[in-house]
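The listed protein sequences correspond, in order, to chains A and B. Heads up: the first sequence at position 259 corresponds to 290 in the working numbering, and the numbers run straight through without jumps. Heads up: the second sequence at position 272 corresponds to 266 in the working numbering, and the numbers run straight through without jumps.
Worth flagging that the hints you see were computed from the coordinates, not collected in a lab. Hints should not be assumed to be uniformly reliable.
Stated by the list, open to error - Derived DSBU-like pairs (lysine-lysine); straight-line CA-CA distance at most 35 Å: (1) K180/A / K35/B; (2) K164/B / K180/A; (3) K323/A / K164/B.
Please read all numbers here as calculations on a predicted model, not as lab measurements.
Spelled out, the chains give:
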Amino acid sequence: MVYSMATITYPAPADTLPRRPWSARLTTPQVWGIVMLAPYLLVFAAFVVYPIGYGLWLARHPASYVALYNDPVFARAVVNTLIFLIVGINLKMLVALFLSGFFVQSRTWIRWLSVLFILPWAVPSIPTILSVRFMFNPEWGVINNLIFKFTGEDGPNWLNDPAMGLTLAILVHIWKSLPFWTLILMTGRLAISTDMFEAADVDGASWWQKFRFITWPSMQTLYLTCTLLSMIWTLGDFNSVYLLTGGGPADLTHVLSTLGIRYLRLDQLDMSMASIVCAMPLVLPLVYFMMKRLSR
Amino acid sequence: MRVPTLREVGTEARLLLIGIPVLIWTLIPIYHMFLFAISPKQDAFAGKLWPDHPTLNNFRIVFNQQHYFLRDFWAQFLNSVVIAVAVGALTLVIATSAAFAISRLRVRGGRTVMNMALFTYFIPAAFLAVPMYRTMGNYGLLNNHWSLILAMVTIASPYAIWVLKQASDKLPLELDEAAIMDGATPLQLFRMVYVPLMLPSLVAIGTYALLLAWNEYLYAFLLLSKDTEITLPVALGNFLAADDSPWELLMTTGFIYALPPAAVYYAFRRYMVGGLTAGAVKS
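Bound-form chain B, shown alone (with noise of 0.2 Å):
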């Protein structure tokens, strides 16, 4: 083995003085919930770096909803998963069907329609939530799913549409042109050739529009109210509500509720980086 040079070894420990920070600050958050949802009760606030008798007692309560603040749980879940299903699915027909319009069938006005989301994309959904939830009561939709579902679609649609805009403009015409020669409609144009060459395309945005819905936090505590129809976030949010709110079975509740998510980014890891954000910035 190759001794390495004093100057490699200088390199090597500026690397380590800039990694290990960095490693400290991103993982404290998470470790610190981490450790409240192993730890029982008393050990929980003892500020140690490992709890005496780690514990999955608290899992165990959370599951069979053993707490007050906790006896929802499964439906709340169930909401949230109901929920962000829902909107990936309903932004993925509307997007997709949007995105062939404009960029294969080049529908008049495409253009402009195309400019309007990419508007909506940009103004920041904090400003559209009291208008959004003014509006959902005169529709009569309050405290129905339906008005998160639809709020959500509203919010991921623009950006689903213009990444499968730019994704699908990249796909030859001459592929359109052979099919309509065979005597295709625009219909089996889409259901044949669109729909099987756009699937990575489409498992990305899916994927983008069920992670916004499942995170989402401000419209989901906006539009729905009653214990039973909450998302487990806002169920998460009522936790502050109470002085003597369980920290730690609050913290395992978060760590249950961050998990899928987590799963799913990294497993989409190269489509998520690659395909969506690649996009955004392009400069």
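Extracted from the complex, chain A is given alone in its bound form (with noise of 0.2 Å):
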């Protein structure tokens, strides 16, 4: 005996059929889909939608953006991020791509390696960030007192200078988060068939023509995506600023994620909300495209 589809299956939405009234629309699945969604849209409404739209209505005054253009501070954060994110991910995915090469190698100590790789990933940020700012605090780190060791002289000031604590910032970002990279491009390596670089070893392909024309072909998307989405998440990275340089020496170091909550400690709520809105246009696009990618 054959049932049709039809007659086990849940009905099909509504726009497959005529229109009916609503009562005869909302089927037992329907109403219970409805009750078990519920939670999570009571949760978007009041976490997600309310402060959104509450944070927009105290970013409303145009003088807050006059007042946030004029500020010295907020320029030199969009700096700092732009330098943050062009410089810092591209280098980290850059690692991280020639990482997953060396990663793949099948050698047990390099099994054992990429164990240990994946630490800075799995422990908390906050507890290496405040060993990191140890290390190079000036009078007691051990890296200064390792310089004055060997040459007698006294280290530099690490994250009292601006450029150095901004670089010492986006190498712990790195440190954090390159394992991550690495291990996705990895599985993106690992994807490829092996019989590729057999026939290219055959031919005699060199190493560079191996990964110009069977790695990089496979894996450009891969890296694309991964690339926009470390760019996301590294705008919003506060704990590798705010906890290695606080947004000092004289609120330098900056980025846009920590830069709303200096405003809130400074009590200029407006402002803060409005440095808020300005890093949209950087963070919009972005998640535009992401959005696509995955909603495919």
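Both chains come to you apart, so use the hints to assemble them.
Given below as structure tokens:
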């Protein structure tokens, strides 16, 4: 006996059926579906829609944006954010691409190394950032102690130098997230059929030719997606900057994600919201692009 | 044993030339923290690779709360545990039922909800922090653990729903059909068919939400402020407030705080790598 599919599956959504009154369209599964979706919708309304609406309302005065525009800290934060994104991310992704090639080599010691290599990603960022902060303390830190021991001279005042502070924040960020991206790119490399590499070896292809004509073409989409996603996440990286330099010295190492907190602490709520709104032209295009990729 | 050729030795040497710097780069901040944790106060600053007199005394001081900065250590540890577990459990309940409604019950508007959730996932949480802080103030939840729990559930749910929806789309429809033929209601379908089949994904997502909450600093630091109410990362950050903060105790506390998530991560490594991350960058 053959059951027709239509009798045992739930009715198709209404748009494929002739329009009927609401009561008839609300089948049992639909009612249950709404009930089960309700908790998330409540959370979404109370903690996403309301805060965003409220934040936009607080940032409604043009005067806040004028004040923001005239605040040198804001301009500096925008520049720092762009440096963080353009230099930091590209450096990180290039190193990750390179290291993914290293970690796919089949050696026992490389497999063990890859287990250790994950550590920065597996441990919480706060203690390790504080550990780095202590390492670079000008008076007591281990780095300057070693410099003094070997050269007899005082080391630089690392985190009190804006350029050095930002560089170290970028390095801390790279240290933390490099393992994750290396791992993702490794899965991309492992998905490539080994036949192609064997054929290339037979033809006597060089290391560069193999990368250029086999590895890269099959990884470039993944690489681009990773770079974009990493940019979004890095835009929101508050810890690396705030806990390492605190935005200092003289507020010269702030990025857009720490700026909102800075204005909040100065009791300038409208400026805080305005600075977040100003970050959106950077965030939203990336979000739009990622959503188009993921909701296919 | 075969004698390796010169070429093989060369390859191995080049690999080591990459591997050793990678190892050093990876371990330095963590080893530095560990070194402080096992060094007596006077040894800690000497810049040695191994202390002359390694000791567990720092751990004793932390566990017995024998320092001004540590007087609420256990309360803060408990706060971290309670909040992380609550976030893991609540996220699981909310995300599983939402994924079931969207993927299996095909609720009308499910796709829109999915897109809204994805949008929230991609907006960096740091930009939502200040509005969230004000919102919690308006709701009268500031300095209450619920504020942090609800904020973290909000942040963890979108990705959880997305991953669970992807996983449930892969379950064969025939299972639901068979259950419905037998007269199962949607709730029975959820309880007896869906949840048991989704168990591996549920474990992974629960762990994801738990770790996210345990590791969170920014929201915890904004939403909670009383010394007995804050979580461990906020307490660690508070050490920095004073110039004379005891580094060796801070690093010991940080080490203790970092151990549970590292252990969980390594225990669930297979899930974390395969189940969670692959979906994030589907190309």
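Next pair to validate is K164/B with K180/A; report whether the Cα-Cα distance is within 35 Å.
violated (61 Å)
Between the alpha carbons of K180/A and K35/B, is the straight-line distance 35 Å or under?
holds (20 Å)
Given hint K164/B paired with K323/A - CA-CA distance at most 35 Å:
Given pair K323/A, K164/B holds - Cα atoms ~21 Å apart, limit 35 Å.
Hint 2 alone, counting from the list given before, is not met by this structure.
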